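Those protein sequence lines, which keep their order, are chains A and B. Per the working numbering, residue 1 is the first one in the first sequence, and the count goes up by one each step. Per the working numbering, residue 325 is the first one in the second sequence, and the count goes up by one each step.
These are computed hints drawn from the structure, not numbers from a lab. Values in this document were obtained by computation on a predicted structure and should not be read as measured data. Treat the hints loosely; a few may be bogus.
[Stated by the list, open to error] Computed cross-link-like contacts, DSBU-like style, restricted to lysine-lysine with a CA-CA straight-line distance of at most 30 Å:
hint, chain 1, residue 1, chain 2, residue 2
1, B, Lys-475, B, Lys-657
2, B, Lys-792, B, Lys-751
3, B, Lys-697, B, Lys-763
4, B, Lys-657, B, Lys-733
5, A, Lys-188, B, Lys-657
6, B, Lys-751, B, Lys-657
7, A, Lys-188, B, Lys-733
8, B, Lys-697, A, Lys-188
9, B, Lys-657, A, Lys-120
10, A, Lys-188, B, Lys-523
11, B, Lys-475, B, Lys-505
12, B, Lys-792, B, Lys-523
13, B, Lys-476, B, Lys-523
14, B, Lys-751, B, Lys-763
15, B, Lys-697, B, Lys-733
[To be verified] Residues from chain A that face chain B, not an exhaustive set, calculated with beta carbons under 10 Å:
hint, residue
16, Lys-188
17, Phe-196
18, Leu-198
19, Gly-199
20, Glu-203
21, Ala-204
22, Gly-268
Cβ atoms here follow ideal geometry from the backbone N, Cα and C, with glycine treated the same way.
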Amino acid sequence: MSALLKNPWLRTSSLVIFALVLVVVVNNAAHGAFLEPRNLVQVLQQITYSCVLAVGQTFVIITSGIDLSIGSLVGMTGVVMAKTANALPFDGAPLVLVTLLVGIVVGAIAGWVNAMPVVKLNLPPFITTFAMLEIAFGLAYIISGGSPIPVKSTAFSGIGSGTLFGFVPTPILWMVGVVTIATVLLMKTRFGRYVFALGGNEEAARLAGVNVARVKTIVYMISGVCASIVGFLYMARFASGSPDTGTHDELLEAIAAVVVGGTSLMGGSGSIVGTFFGALLIGLLYNAMNLIHVDSYLQRVVLGAVILLAVVLDELRKRYLQKA
Amino acid sequence: MRGIGKSFPGVRALSGVSLTLNAGEVLALVGENGAGKSTLMKILAGAERADEGGILIDGKEARIASPRDAEALGIGMIYQELNVVPQLTALENIVLGNEPVRGIFLDENAARARATALVEELGMDLPLDQVTSRLSVGAQQLIEIAKALAKKARIIVMDEPTAALTDREIDALFAIIARLKAGGAGIIYISHRMEELPKIADRITVLRDGAAIETRAQADFPQNDIIRAMVGRSVDAHFPEPPVVAADAPVMLDVEHFVRAPAVNDVSFQVRAGEIVGLAGLVGAGRTEIVRAIAGADAVHSGTLRVGGEIVRVRTPHDGIAAGIAFITEDRKRQGLVLGMSVRENTTLAHLAQFVARDGLIDGKRERAAAVKMTDELRVRTPSIEQLVRNLSGGNQQKVVLAKWLLGKARVFLFDEPTRGIDIGAKTEIYALMLELIKNGAAIVMVSSELPEVLGMSHRVLVIRDGKIAQAFGRADATPDRVIAAATGAAA
Chain A
1 MSALLKNPWL RTSSLVIFAL VLVVVVNNAA HGAFLEPRNL VQVLQQITYS CVLAVGQTFV
61 IITSGIDLSI GSLVGMTGVV MAKTANALPF DGAPLVLVTL LVGIVVGAIA GWVNAMPVVK
121 LNLPPFITTF AMLEIAFGLA YIISGGSPIP VKSTAFSGIG SGTLFGFVPT PILWMVGVVT
181 IATVLLMKTR FGRYVFALGG NEEAARLAGV NVARVKTIVY MISGVCASIV GFLYMARFAS
241 GSPDTGTHDE LLEAIAAVVV GGTSLMGGSG SIVGTFFGAL LIGLLYNAMN LIHVDSYLQR
301 VVLGAVILLA VVLDELRKRY LQKA
Chain B
325 MRGIGKSFPG VRALSGVSLT LNAGEVLALV GENGAGKSTL MKILAGAERA DEGGILIDGK
385 EARIASPRDA EALGIGMIYQ ELNVVPQLTA LENIVLGNEP VRGIFLDENA ARARATALVE
445 ELGMDLPLDQ VTSRLSVGAQ QLIEIAKALA KKARIIVMDE PTAALTDREI DALFAIIARL
505 KAGGAGIIYI SHRMEELPKI ADRITVLRDG AAIETRAQAD FPQNDIIRAM VGRSVDAHFP
565 EPPVVAADAP VMLDVEHFVR APAVNDVSFQ VRAGEIVGLA GLVGAGRTEI VRAIAGADAV
625 HSGTLRVGGE IVRVRTPHDG IAAGIAFITE DRKRQGLVLG MSVRENTTLA HLAQFVARDG
685 LIDGKRERAA AVKMTDELRV RTPSIEQLVR NLSGGNQQKV VLAKWLLGKA RVFLFDEPTR
745 GIDIGAKTEI YALMLELIKN GAAIVMVSSE LPEVLGMSHR VLVIRDGKIA QAFGRADATP
805 DRVIAAATGA AA
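Looking at chain A on its own, in the form it has when it is part of the complex (with noise of 0.2 Å):
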């Protein structure tokens, strides 16, 4: 057990192993469905709005805080889009970027209005967030007047439900670029070497020279424009912006792909790749029990025992770190 805890893969590995095991039986009970590449495609597309979420929540959760507004801000950017794209007296590609600018200028301002208190008066993330989650979907209700707002142009439809190659859904390419820009951001740049720091402590941080409220503020920034940009992607692919998207299940799921992908809620330690995993393993986890037809209501009790053992290794491997 020991051995085991060092491993600092301990989290990969295991996700991979259970991979494994995964793939192996659902594979053999549903007689080779579950490899085809157009069911691992469609897991992949299915797994792009979470996964972008999560890769936003990565970062917040990185500096040890957490941010509940995404699923109502899904929501809302996707219904200010709407608006926008029908207000807007031009079409094409133009349209699709203004559009899409809009919605990530509107998502900065709403990571920028959770930030403030945060930073400023020391308030936890978990209040200003979940005030932010209500206000938003207020807001997203009033601007469309309760119902989907279709969008006339179709310039989006190449966005929302185009392939590449005839077989690689756009969305994925979306999320294979966030996936890209965040770990970038998050391991090779100054701004992504602080929130680690700060997250792992914060004073020795702000000691060193770090600007701790900027750093953080970005980061509740980046996490609203992650939300806008998932809002984005289901206004294209429905053709229509619609206040209650992304107000289901999407935050939780976030947060469990976070955590599955081995970053610590506890802040200091974590890693966008490991956050496409976690994402990537619920979604063939949720596809394989679809496949051999487990009842809806017991996947949810997998998928919570899923992340409950995620968090339990994480602490034990702690704990024996901290021994060490």
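Following the hints, complete the assembly by docking chain B onto the known chain A.
The following block gives chain B in isolation, referenced to the frame of chain A:
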């Protein structure tokens, strides 16, 4: 307590300490910072366990394995950091953990009756229904005493109870101690303040380096003898003699009228290039707060700071670094290092901008090279620069902290307890490094609770008391007894 011994990893905190406390007396426990007073008392209170030795209460062997055991035996501990719940009222705090109940309900009347009786018996002036956070520190201390007595404590330990009290509150506290004594309680009173011992103590025990050195009745223990027993040794000779500061050396650090209430009260001093100035004084005297204010860790309320002759405004640690000030903090685990990060990441954290290439990304090759160079120079013993600092020894962790600050171009180095908890070999290396720094024209301010270290390393020693410079000594005049006398406020 008989023959108490206790070791922590790498440190022998107590060895063979014995002391006796009689009913109805106040035993004062004195000693330098780190002499073992707190550890000894924690053992009595069940917060730590002794490796050897035993405790007898009323002549019977007592087993104290937890704070609960201590409580059951009538031992009450009043720590320096008070343990009151600020949101509860004074009354609620007094009966906390001991609430009278009727069935499953709290019996408010019984609680009030009990607390009122206690407060009256002791002659305390305490508003019972006031929320504790609104009360003064003195009143909170009274709550702690009442709380201990509510649990029927007969042995009461007070750790520097007067440190944060006003003169009037001290008088009130002493009156209460006198009543407790008259009621047959035994009191162990830990203090750094020489002047209050004659007023309060019956007997005095001096601890030094984890051993009980001497115990005498208060009347037979003059202040000079106490100080001599506390210091005990002459300054160790193993400190390298710092080179003389050139007569024309420019003033590198100039602190003028620094105020940050309540800990820093109008502090002014200068440090020249090539000079080490030691700040001596008791824990809580304001030494750390002074260097924190200089570094920008806490913003000063008023005062002027000059570095290399130029006025600098330092409001955040970032400003401090930009002004060329390096602050090596006292608590490396909490303030100096990100334990979950590698040696490399910690080393470059404060000067990461140096390694950012034109594309905005960190140049990993240059960063690694710099980290390797620094760890080699400082001889940090680590398997690789990718090792997490959590896994290094205290001395090597401290070297990583130093590496972090040496990477920059700092001209002023503030060392707060630079050698706490590290082995003698690493200490010597750190002293050598300090000399290297001043040879290159840096100015050093060193806070240390280890008297030999302050006296051995400093060109000048400033003794801090109550947030002010109580007295300044040149290297030749700074003797242990003079410094201790100035720090404790005893007449020299």
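For this session: May I ask you to test the interface hint for Ala-204 (chain A) with respect to chain B, counting a Cβ-Cβ separation under 10 Å as satisfied?
Result: Ala-204 (chain A) check passes; min Cβ-Cβ to chain B is 5 Å, inside 10 Å.
Exercise. Given the hinted pair Lys-697 (chain B) and Lys-733 (chain B), is their alpha-carbon gap at most 30 Å?
Worked result: With Cα atoms ~16 Å apart, Lys-697 (chain B) and Lys-733 (chain B) stay inside 30 Å; holds.
Problem set entry | Hint check, Lys-188 (chain A) versus chain B [nearest Cβ-Cβ separation less than 10 Å] | holds (4 Å)
Exercise. Quick one, are Lys-475 (chain B) and Lys-657 (chain B) close enough, alpha carbons at most 30 Å?
Worked result: This hinted pair is violated, its Cα atoms lying about 36 Å apart.
Problem set entry | Hinted pair Lys-751 (chain B) and Lys-763 (chain B), Cα distance within 30 Å | Distance of about 19 Å is within 30 Å: holds.
Problem set entry | chain B contact restraint for Phe-196 (chain A) - C-beta distance below 10 Å | holds (7 Å)
For this session: For the pair we were handed, Lys-657 (chain B) and Lys-120 (chain A), check the Cα-Cα distance against 30 Å.
Result: Judged against 30 Å, a Cα distance of about 25 Å means the pair holds.
Exercise. How about Gly-199 (chain A): closest beta carbon in chain B under 10 Å, or not?
Worked result: holds (9 Å)
For this session: With chain B as the partner, please determine if Glu-203 (chain A) meets the hint condition of a C-beta pair closer than 10 Å.
Result: Constraint on Glu-203 (chain A) satisfied, holds at 5 Å.
Exercise. Going straight from one Cα to the other, do Lys-475 (chain B) and Lys-505 (chain B) come out at no more than 30 Å?
Worked result: With a Cα-Cα distance of about 17 Å, the restraint between Lys-475 (chain B) and Lys-505 (chain B) holds, given a limit of 30 Å.
Exercise. If you draw a straight line from the CA of Lys-476 (chain B) to the CA of Lys-523 (chain B), is it 30 Å or shorter?
Worked result: holds (26 Å)
Problem set entry | Agreement of Lys-792 (chain B) and Lys-751 (chain B) with the hint, judged by alpha carbon distance not exceeding 30 Å | holds (29 Å)
In summary, the structure is inconsistent with hints 1 and 10 from the numbered list given earlier, while agreeing with the others.
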